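J.: These are the residues of each chain, in order.
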Amino acid sequence: MIVTKKTLKKKGNLSQLMIPLIAFGLLIIFNLIRDPGFFSIETKLNNAGNTVLAGNLISIINGASELAILAMGMTLVTAACGGQDISVGAAAAIAGSVFVKVIRGASMVTGGTVILAFLACCVVAMLFGSFNGMLVSVFRIQPMIATLILYTCGRSIAYWINGGATPTIDGSITGAIGSFIPGVPIPTPVIIVVVMIILFSLAFRFTTLGLYTQTVGINQNAARLNGINTTLIKLLSFVILGICVSVAGCIGVCRLQLINHETLLIDIEMDTILAVAIGGNSLGGGKFKISGSILGAYVIQMLTTTLYAMKVSSTDVKAYKAIVIILLVVIGSPVVKRWFTKVMANIRGASIRRLGVKEGN
Amino acid sequence: MPNETVLTMRGISKQFPGVKALNNVDFTLRKGEIHALMGENGAGKSTLIKVLTGVYGKDAGVIWIDGSEGEAHIHSPQDAQNIGIATVYQEITLCPNLTVAENMYIGRGNGLLVKQKDYEKKAGELLANLNIPARPKQQLASCSLAVQQMVAIARAVDMNCKVLILDEPTSSLDDKEVQMLFTLMRDLKSRGVGIIFVTHFLEQVYEVSDRITVLRNGELVGEYVVEDLPQVQLVAKMMGKDLDELNSMSEFSQKAAVSDEVTYKAEHLSSEASKPFDFQIHKGEVNGFTGLLGSGRSESVRAIFGADRVTGGKVKVNGKDVHITKPYEAMKNGIGYLPEDRKRDGIIADLSVRENIILALQVMKGFFKPLSRADMEKFADEYIKALSIKTASKDTPVGSLSGGNQQKVILARWLLTHPDYLILDEPTRGIDVGTKLEIQKLVLKLAEENVSVTFISSEIEEMLRTCSRLIVMRDRNIVGELTGDQLTQKQVMKTIAGGEAS
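Those protein sequences? They're chains A and B, same order as listed. Under my numbering, the first residue of the first sequence carries the number 303, and numbering increases by one thereafter. Under my numbering, the first residue of the second sequence carries the number 27, and numbering increases by one thereafter.
You may find that some hints are simply not true.
[Said to hold, decoys possible] In silico DSBU-like pairs for lysine-lysine, Cα to Cα no more than 35 Å straight-line:
(1) Lys462(B) x Lys589(A)
(2) Lys644(A) x Lys46(B)
(3) Lys420(B) x Lys639(A)
(4) Lys369(B) x Lys589(A)
(5) Lys340(B) x Lys471(B)
(6) Lys215(B) x Lys202(B)
(7) Lys391(B) x Lys291(B)
(8) Lys358(B) x Lys589(A)
(9) Lys416(B) x Lys639(A)
(10) Lys411(B) x Lys644(A)
(11) Lys589(A) x Lys291(B)
(12) Lys589(A) x Lys340(B)
(13) Lys309(B) x Lys404(B)
(14) Lys589(A) x Lys391(B)
(15) Lys644(A) x Lys369(B)
(16) Lys291(B) x Lys462(B)
(17) Lys309(B) x Lys589(A)
(18) Lys391(B) x Lys369(B)
(19) Lys644(A) x Lys395(B)
(20) Lys589(A) x Lys404(B)
(21) Lys639(A) x Lys369(B)
(22) Lys411(B) x Lys589(A)
[As the list claims (entries may be wrong)] Coverage of chain A stretches by chain B, computed from C-beta distances (three or more under 8 Å per stretch; other residues unrestricted):
(23) 517-526
(24) 529-537
I should point out that these hints are in silico values taken from the structure, not numbers from a laboratory. Source: prediction; values computed, not measured. By construction, the Cβ of each residue, glycine as well, lies at the ideal position given by its N, Cα and C atoms.
Generate the whole structure from the sequences, applying the supplied hints.
T.: In structure tokens, the structure reads:
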């Protein structure tokens, strides 16, 4: 969060981020009116005996971690390919299963085991990412159709990895990844998000990933004629999304300390795409702002938390969410934007005219 | 053949914002003739066709068509179809996943019930009648492009068309397929259909046409019987130059001395889009590829840059054997290419002027070596100033600039890579006169700095002014190479037209 805000200020171009920021502001105001203490942060002792931060705000920021990480990768895929990967939830289930499998295979869970397990699940997720990427970049299949394959079979593959059971893992290390590191009051997933944001910033800073991705997304012909390997860039976006998928999958597994291949990060693909859209990124590809997508992820999570806080039953939440999302998307649509600019221009024009008349008199 | 007219257009005018696309144009089509409609880009051919087919409304003028009482009122493509005007476009506008028969009768049934059997029978008869090698039940996509085109024509014929418009029907066909199409055209002609044939291929015009109408800059140049108009005259009329006038035109170009060093040399280079050709360019030389549109001039330079898939040939850059199969390899060998279609192949519309300028240089530096922000700003500032690019700031999206300034941005992009060999395909198209002159001057200046430049333009004067050697292409073959005293408009046109090149 903190990093996001900093990048916002630095870029100085806020027009694309208007919608998520306004949505954010409205949600905050609404919650403050409803319950002035909604965002209060308190410290308390958790089960493990650590002093940790707690409160609605913390649970929003914590709860959105997987979504925010996936949204970062999804933004790249969207920008480069002009389409979305709908298999991220299923791929995360596979990644999580691999993670659990490796950890359960070890006789003792040490730091090394966890790192090894994470690396293994990274490799697997990147392989599945490159499968998707290959279909899109080499075979030119529409991203949504290409990723429909993994969307359909991904959870079955996850099922096979651990032989159909929902095995649990235990160990203080995975526990700490899912909740708190002893002595650190901030939830670990939030720290992981910050690390991912830093990694992405470094990638954009020290490679031309951003420029190439946008160029390919905006004008593939021109990109090719300027020597960019368009196939590779599209493939790369899917591989990077694969890394995000494995990180999100591991966080999801560590939170529960078990893998349920049917429910792990279920339906998250749609929220991820939504986060990208709310962030003001065109789903048709081209120019993008990762900061927008991250903000979008937190908007979605805040919306969900707000609805739960209002005692909306979990079956109804989706319907209410949909209403808010319709509003956000329509407000952000080019038609409304154009209309808004016209109205603003008229108002300005009218006032100038009025001034002009006065001066004329 | 009786000489009765089937279509008469008189005084047709059409105004677009800022352009007079058609000005008082007359056109007459007789029964059973093939009438070629000729003109360079922007001459008004397609506007005339679109007025006739109801895509555009006309501002002034009248259209009579045989069989209709009084003036014909064409307000939509449907109207045009109803009075017997059928069009077959360059791109096939049928449904590839339906059968041949379905394609011939789609959208023409009166009721909801489709009599599949009847249609297939009727289609079969018609196809046999016209000698079209396709079966009614065959899926259209399984036919060759030529046959698809013929099916489109069969569909038109079956609708009892009196006027058949063929818009660039041969541009994607090979020689054999073209002959098949011509046979069909002659057959239809003998049945009394009037055919309007739009094409860029001169030889094809002389092969099948009876008459030629030439347009230029939206005005009628004239209507001629093919036998009375030699190819040279036709080219001159299309380009708007009287041969006598050409003779008296003086040359005023001062070309830099060319060194002996060969920058680029290709033998039998060919790509998916171009036939094999030989070509070389010296250090500090400015040469040009000329020819009418569709002659293969752009395809040839695209092959040099690796823009289309290269299929064969040997290439030497600065005396060394190199392998150029994709743009990146060409760039690494010091070749730059400004594409013909600025919008499609050149600009990255949503990105800023700055990013557009540094793009090629950045790609050459590599993925892991991004230019620093300060360098980018410096380069952008430098070239915005050097080429006097008019932009609000260097962060303005390039898509919001005027055409001429967009072109300068792409030019800046390639100049920044400091190429040894720069290919400019139509760098001056659609931009104002002042900018055109600036670009010509820039080309000559580059040559002085020992850069080799290939300059392609539709305007011959421009090429004569800048190039010391012209390669002339016709129908995708190199048909001549002109240097020194041969560099006159007259000679260029003679060579383009295929006259004796002496």
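J.: Which of the numbered hints above does this structure break?
T.: Violated: hints 11, 12, 17 and 19.
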